[in-house]
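Chains A and B, in that order, are what the protein sequence lines are.
Numbering of the first sequence is given in full-length UniProt numbering, commencing with residue 1 and proceeding in unit increments.
Numbering of the second sequence is given in full-length UniProt numbering, commencing with residue 1 and proceeding in unit increments.
Source of the hints: derived by calculation from the structure; they are not laboratory data.
Idealized CB from N, CA, C, for every residue including glycine.
One thing to keep in mind: the hints can contain errors.
To be verified - Label pairs and their computed distance ranges (CB to CB):
| # | chain 1 | residue 1 | chain 2 | residue 2 | range |
| --- | --- | --- | --- | --- | --- |
| 1 | B | Glu133 | A | Ser91 | 37 to 47 Å |
| 2 | B | Arg151 | A | Gly323 | 50 to 60 Å |
| 3 | B | Glu133 | A | Leu26 | 33 to 43 Å |
| 4 | B | Pro37 | A | Gly168 | 25 to 35 Å |
| 5 | B | Glu133 | A | Ala334 | 48 to 58 Å |
| 6 | B | Val66 | A | Leu438 | 51 to 61 Å |
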Amino acid sequence: MSLAVASSGRRRDAGPPLWLLLAAALPTLLIALPLAYVAARAWSAGLAVAVEEIFRARTAELLVNTVTLAVSVTVLSAVIGVATAWCVERSDLPGLRWWRVIAALPLAVPAFVASFAWASMGAAFQTMGGAILILALSHYPLVYLPVAAALRGMDPGFEDVSRSLGRGPWAAFFSATLPQAWPALGAGSLLVLTHMFAEFGALSLLRVQTFTTAIFDSYELEFDGATAALQSAVLLALALPAALGEMRLRRDMRFARSGKGGRRRAPPARLGRAKAPVLGAMAALAALSLGAPLAMLAYWLLVGRSIGHASHDLWPAVVGTLGLAVPGAIVVTALASPLAIAATRHRGMLSALAEKLPYVVHGLPGLVVALALVFFSIRFFPAAYQTAGLLFAAYAVLFLPLAQSALRASLELAPARLEEVARSLGRGPFGAFAAVTLPNVLPGVGGALALITLELARELTATLMLAPIGVSTLATEVWSQANDGRYAAAAPFAALLVAVSAIPVYVFTRRSLELNDLR
Amino acid sequence: MTSISARDVRKAHGGNAVLRGVDLKVAGGEIAALLGPSGCGKTTLLRLIAGFDRLDGGEIAIDGRVVAGPGAHLPPEKRRIGYVPQEGALFPHLTVAGNVGFGLARRERTKARIDETLGLVGVSELAGRYPHELSGGQQQRVALARALAPRPGVVVLDEPFNGLDLDLRRAISTEVVATLRRTGASAILVTHDPEEAFASADLVAVMHEGLIAQQGNPLAVYATPASPEVARITGAAVFLDAVIRDGFAETVIGAMPLGAVAAGVNGRANVCLRPEQIVVGALRGCAATVIDRSFRGDHCVLNVAVGDVRLPVRAPAAFEADASGVVHLEISGSCVAFLPRG
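With the hints as constraints, model all of the structure from the sequences given.
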């Protein structure tokens, strides 16, 4: 019976109407631009140039650096993330409730802010090894959160059964528990991997040469050059498969969760004599991932005050940040709406596309998106170059997935059935939408707007490349001051940015820990 | 008094034929039940009648006026059909009064009219509440009131009692039917529960694989199912091999008259009867050996063997066979024969 309810509750129309198709075409087109750019630019460079560029020693060096960094950070994040998740969800660690939140908080410190803090401590951290450590410390929550949610939602019966069949606690964990958490672990790890391929700000501050920093340098050196485009092509070849892999695993994750396992919680494992060392390790993790960057920020704030850096530069950056983030969020939300509507209300090709698109998109590095938009605007819309409009287009491509999932959640509060009832009671299609769907959806849309605004406020790469001349934001100020070694000057901007970031991180953490959709 | 008729209605979803030529006639003031397993197309038919989807072929008329047909589609807001979806689907942002007043024109949206409608379903005291503050049964009553407020000629109900537990379900469905009869509206109730269909409807239409397999008054459908599928959908059924001779079916447990079957049919057939037609324990009748017995609360089910035929039969809850394990089966009433197909 419940099955019948569920299936007809999801009943969707056969196909989307024409206006929706047209409205969804725009974001789809925007997303195709980076791919078109890479293809077009590589084509015009010619095969010989392309081959020469791709097989240069420099490209090989960048490839080794990029892959070494991305894989090491991913593995380290996965180890820290799984260990933390287990301690928090499955052991009798004292102060669980606090650790659960503290472990997610490093997300509130954007990677480039953490990198600035560590870099300002000494040049020792501006190495490959330093970068791996620093980035793993700031990215492990992306593994910790989904794995913790999976461990919490898991039916403890599997572990019980494998214990009863003669496995010890460790063997049971590896043979029964971990395989079930695998989709969550895999998806989280691949998310870290895609982030690493796309990371630019942190790596440039830590002076590690990867594809992103090289692309940025080529772009600065030779505007619209073939080198940047071909390096982008190699980067996309790395990033897109990682993103697609994540998409597959997320699908499994949803499947693995749909079972109605017993809601019984497993009894926590007793740490016993290991309690003190585990507590020590958790404290050390918090100190390194959160304490160290924040302490350095505080230090530079004090130094800055003592050497008389006024905070009068702060205000234009705040205005600049809001001036880009607020309209940007509105544009992103507006563009994401048709996709979200198609995905929740309709069946068919478009809906399938709308559901898959976000996963492809978050594999696109911000740098490549920005380059593509520069390329196309200069060729076809010179008037758009150096305007906020171009930046908003980049935001739309990069933050579409976030907007889509936020909108989707609120659209599901107003199922199509409500509109049908309104129609049967005499309202026309528009009247039914205005009287029933809109009032139920608006609060959620407001929340989505706020969340996207905050995420845009901490965006660095696209803003750095595309913001109109003379406009600075908190993020671009942190980067440019820190990049020039003016750490004290960067600190106030960074502190404000961390304060602002805490809000979306809180929302994300709560959502993840409540076992809701993780996107 | 509004009549509804559907003629040769066809509908496919993505190449899958869901309705394959459905004919249905509901007279004014009549309550019809669409009974069938999930996936048989009953909800699809309801949605076509209400106007939420467009049909692919055939036509639907309300009071003789074609509202859906080739090239014609009257939008749902113009059909004046009240709709009660699964689990109510009350508007979460409106109070009970707001929900009930939703379908009324502005000048009709008076407190008196809303109270009158809420009174009809007996929930006047809930006017100021929001849907999340109501129990499941209250939500269903309000959903019905909302559908009835504009005084529609037809009300369609899509498995409206699904979310309720069994006791409440029976009580609410009785209430809803009584209310519908008071208003004089015609109604179509979609359900997969035969008991609910028999208890509420004047006309039961059994749907199977996109067609209406049989329609008629509840007793006729139950007693003389038109096919083995209809027999199964409408309740428990016992099937036995038989030889038909002169209007009688001869089975291993005895001979019984055929209900509705064309005269002059003779030969091998499969007959269907209802479990309550086999009475156990009498001293007369066909001898059977009890294989096992399972207690079911108000009755028990015996698995018995007659020759090499095994069949389940009902017996009183406390029934115990004597030491020999032999019981006697007696059959009553008539049965329905299904001739081998082909």
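Verification of the supplied hints:
Our hint of 37 to 47 Å for B:Glu133 and A:Ser91 holds, since their Cβ atoms are close to 41 Å apart. Against the hinted window of 50 to 60 Å, the Cβ-Cβ separation of B:Arg151 and A:Gly323 comes to about 55 Å, which satisfies the hint. As the Cβ distance of B:Glu133 to A:Leu26 is approximately 42 Å, the hint placing it in 33 to 43 Å holds. Our hint of 25 to 35 Å for B:Pro37 and A:Gly168 is violated, since their Cβ atoms are close to 49 Å apart.
Taken as a hint, the range 48 to 58 Å is violated for the pair B:Glu133 and A:Ala334, whose Cβ atoms sit roughly 35 Å apart. For the hinted restraint 51 to 61 Å between B:Val66 and A:Leu438, the CB-CB distance of approximately 33 Å leaves it violated.
Checked against the numbered hints above, the structure breaks hints 4, 5 and 6 and satisfies the rest.
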